[in-house]
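Engineer: Residue numbers (the working numbering), protein chains in the order written: chain A, 1 to 225; chain B, 1 to 111.
To be clear, the hints were calculated from the coordinates, so they are not data collected in a lab. The reader is advised that the hints may include incorrect statements.
[To be verified] With a straight-line Cα cutoff of 27 Å, these simulated DSS-like cross-link-like pairs (lysine-lysine) come out:
id : chain 1 : residue 1 : chain 2 : residue 2
1  : A       : Lys3      : B       : Lys55
2  : B       : Lys90     : A       : Lys3
3  : A       : Lys66     : B       : Lys8
4  : A       : Lys24     : B       : Lys73
5  : B       : Lys82     : A       : Lys161
6  : B       : Lys17     : B       : Lys105
7  : B       : Lys71     : A       : Lys17
8  : A       : Lys24     : B       : Lys83
[Said to hold, decoys possible] From the structure, some residues in chain A lie toward chain B, with a derived Cβ separation under 10 Å:
id : residue
9  : Leu51
10 : Val68
11 : Asp78
12 : Ile80
13 : Glu82
14 : Leu84
15 : Pro86
16 : Ile213
17 : Leu214
18 : Ile216
Just so it is clear, CB atoms sit at the ideal spot from N, CA and C, and this is done for glycine as well.
The primary structure of each chain is shown beneath.
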Amino acid sequence: MNKQTRELNRINNELNKQVNYENKEAFTDIVCYLRGANISEYNQELIRQDLLEMILSAQKRSEDIKAVIGEDYKVFCDNIIENLPPRTIKEKFLNFIDIICWCISILSAINIIISNDTISLIRNLIKGGPVNFQLSVSIGNVISAVIIVAAAFIIVETILKNSFKIGKNKSINKVKVFLICASIMAIFLLIAWLGKTTLFTVNIFTACTFTLILYIIHKILSRIQ
Amino acid sequence: MIPSQMLKGTLEGCILKVISHKETYGYEISQELQEYGFSNISEGTIYPLLLRLEKNELITAQYRESPLGPKRKYFSISQAGKKELDNFYKNWLELENAVNMLFEKGEDNNE
Numbered sequence: 001m002n003k004q005t006r007e008l009n010r011i012n013n014e015l016n017k018q019v020n021y022e023n024k025e026a027f028t029d030i031v032c033y034l035r036g037a038n039i040s041e042y043n044q045e046l047i048r049q050d051l052l053e054m055i056l057s058a059q060k061r062s063e064d065i066k067a068v069i070g071e072d073y074k075v076f077c078d079n080i081i082e083n084l085p086p087r088t089i090k091e092k093f094l095n096f097i098d099i100i101c102w103c104i105s106i107l108s109a110i111n112i113i114i115s116n117d118t119i120s121l122i123r124n125l126i127k128g129g130p131v132n133f134q135l136s137v138s139i140g141n142v143i144s145a146v147i148i149v150a151a152a153f154i155i156v157e158t159i160l161k162n163s164f165k166i167g168k169n170k171s172i173n174k175v176k177v178f179l180i181c182a183s184i185m186a187i188f189l190l191i192a193w194l195g196k197t198t199l200f201t202v203n204i205f206t207a208c209t210f211t212l213i214l215y216i217i218h219k220i221l222s223r224i225q
Numbered sequence: 001m002i003p004s005q006m007l008k009g010t011l012e013g014c015i016l017k018v019i020s021h022k023e024t025y026g027y028e029i030s031q032e033l034q035e036y037g038f039s040n041i042s043e044g045t046i047y048p049l050l051l052r053l054e055k056n057e058l059i060t061a062q063y064r065e066s067p068l069g070p071k072r073k074y075f076s077i078s079q080a081g082k083k084e085l086d087n088f089y090k091n092w093l094e095l096e097n098a099v100n101m102l103f104e105k106g107e108d109n110n111e
């Protein structure tokens with residue numbers, strides 16, 4: 001997010017606090033849907049600013065969001081998106097690289113911190129035992145990272161594209177939820193069991209530098225977009 | 001109430017006409033249209049059309065501080081917008097004339 005977009009985002013977040021309880025859910029759904037649209041973050045914030053002005057003015061006239069926007073929020077959003085320039089291939093590519101770098105840097109940092117090798121390294125440094133700066137990266141670590149990043153993409157996309165449907169169906173199929181959760185658990189247990197084999201070892205300082213570089217790339221890309 | 005399908009092609013021209021009177025904003029445009037008989041035209045109905053007019057450079061927009069809180073977007077008509085408005089009105093008169101002729105002459109022929 002560049003400086004101009006960040007400033008607009010900050011102003012909008014402040015204004016968002018003034019949206020009353022009755023309008024909040026519908027407005028959040030609208031913003032979620034716009035976040036998933038193929039438009040730049042700056043245009044998303046500009047639209048958000050206009051909508052906030054419309055809704056807050058309506059609140060002052062004691063009108064609700066339906067009186068301003070109508071009943072079909074999705075059609076309203078699609079009509080808006082249709083009249084905004086779509087993101088270019090370059091913008092999409094940079095955004096994708098930015099998210100990947102961010103995700104991998106976070107997962108890498110977590111893996112460094114919770115690794116058994118890091119824990120024994122700290123223990124030996126305190127006790128004065130023999131120190132080994134090498135970290136083992138297993139097949140399981142790599143497969144889990146790929147699954148987590150892919151799943152995060154799919155979940156976010158699904159929520160954003162279906163913001164007007166999700167949560168509206170109050171009857172939750174408990175068996176379906178249990179089966180999904182059990183399948184996810186089974187996959188991770190399988191990975192943990194099968195993926196114990198060390199794929200490669202890496203020096204802890206190299207791993208930290210790699211994580212830092214990815215984080216810096218994310219920071220730079222998010223500022224220039 | 002005018003059916004939305006019928007309104008589709010004409011609403012942009014009517015919005016352009018309202019903006020040509022003076023610099024104005026979304027809610028004021030919807031209110032003015034309602035005063036002229038366009039019932040049920042909400043701010044949300046005209047907002048995407050305002051974006052389209054802006055994209056096609058027929059109107060220009062400027063954000064101004066609003067006494068009520070968030071910045072408000074004010075619209076003015078551009079030179080291209082004035083030309084488009086003349087064009088729209090010419091086309092409208094032609095359509096109005098054709099429809100009237102059809103109904104009037106159609107009535108005479110039936111009698």
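Engineer: Can you name, in rising order, the numbers of the hints this structure does not satisfy?
Structural biologist: When the structure is compared with the hints, numbers 2, 5, 6, 8, 15, 16, 17 and 18 turn out to be violated.
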